[in-house]
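Kindly generate the complete structure, drawing on both the sequences and the hints.
Position 127, counted from 1, in the sequence shown is what my numbering calls 127; the numbers after and before it change by one each time, with no gaps.
Derived by calculation from the structure, the hints in this document are not laboratory data.
Here a beta-carbon is modelled for each residue, glycine too, at the ideal position from N, C-alpha and C.
Any given hint might turn out to be false.
What the hints assert, rightly or not - Cβ-Cβ distance ranges computed for the label pairs, FRET-style:
#, residue 1, residue 2, range
1, K283, K66, 52 to 62 Å
2, H196, G250, 30 to 40 Å
3, L65, D334, 47 to 57 Å
4, K283, D334, 29 to 39 Å
5, T323, A135, 17 to 27 Å
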Amino acid sequence: MLDKLQAIKTRFDEVSASIVDPAVISNMPLYIKLNKEYKDLEPIVQAIDKYIKVVKDIDDAKSILKNEKDAELRELAKLDLEECSDLKQVVEGELKVLLIPKDPDDSKNAVVEIRAGAGGDEASIFAGDLFRMYAKFIDSKKWKQELMDVSEGVSGGFKEIVFSVSGTNVYGDLKYESGVHRVQRVPQTETQGRVHTSAASVVVLPEVEDFDIKLNESDIKKETYCSSGPGGQSVNTTYSAVRLTHVPTGVVAQCQDQKSQIKNYAKALKVLRSRIYEIELRKRNEEIAGQRKTMVKTGDRSDKIRTYNYPQGRVTDHRIGLTLYSLNDIVNGDINKLVEELKIAENAEKLKMG
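Listed below in structure tokens is the structure:
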């Protein structure tokens, strides 16, 4: 094990030297890649240093017990050995978790898409509730949110809303939200007080840079149109809204949030890139899933992942069988407990699978 840990330390030293090399700094894609590797390796190397020290302390204590005749020193060595042996187990546990292969996309920003599903107007209202839940969670994490595209519901909420989120490890936290969310409650439109079930789908895509996925301009069809509001009425008279179609894949992205066509084009291109990247990501995940069955799915948009039951004040995440009776806190943005439990479950599975 020490040989493997030493190899990680050697790689960390190589990366540390590389990120201050002017030739690397001038190569931005390489610099970003190495800088990310440095940040990923740093906590592992700190744990390795702790592990190496505790192993040395155990050896020293054993050496004293083997060679020392003084009763007082032997007693101290026994205590040290006991304490260090316990610490070694703790550090080994930390290292096991740290050495689980990371999803390379976890540190990326994200593009989030929320769409109303079954349930008519109530589904649009629920999509609006999910958007507000995420907006409050994003605010609590000190992340930045930017609207990309909005289609409002007739009775409130959204038929569809697309927004980007930037900050630290955004995709790593939000990716667990991908899937179908169900709500069970009495809709505002219900006159007889009956509980209805409605749904909205959430898709979380890692935001990718142009060096992550190359798009040829000749493959992109650009259309412009007037921005529209509720009911489809035009809200401005200039053709500032942009729709982009990637001809080879048929993937479409649009943006009408800005008054500037140039800004809308840049935002739509960001979404288009992320959607095309997701196609490749899905292929990769399907290949992995063929070898390993995972309980915590993080990308299947057709899976019913969570139910928000208002009459009982509960939220249930079906992937890990977790039920929390704190619906009000959760819909007001406190989804940390859900995210952390999903991470723990996924890491536990990875440890089992080796």
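Going through the hints against the structure:
no. : hint                    : verdict
1   : K283 / K66: 52 to 62 Å  : 58 Å, holds
2   : H196 / G250: 30 to 40 Å : 34 Å, holds
3   : L65 / D334: 47 to 57 Å  : 51 Å, holds
4   : K283 / D334: 29 to 39 Å : 35 Å, holds
5   : T323 / A135: 17 to 27 Å : 25 Å, holds
In this structure, every one of the numbered hints holds.
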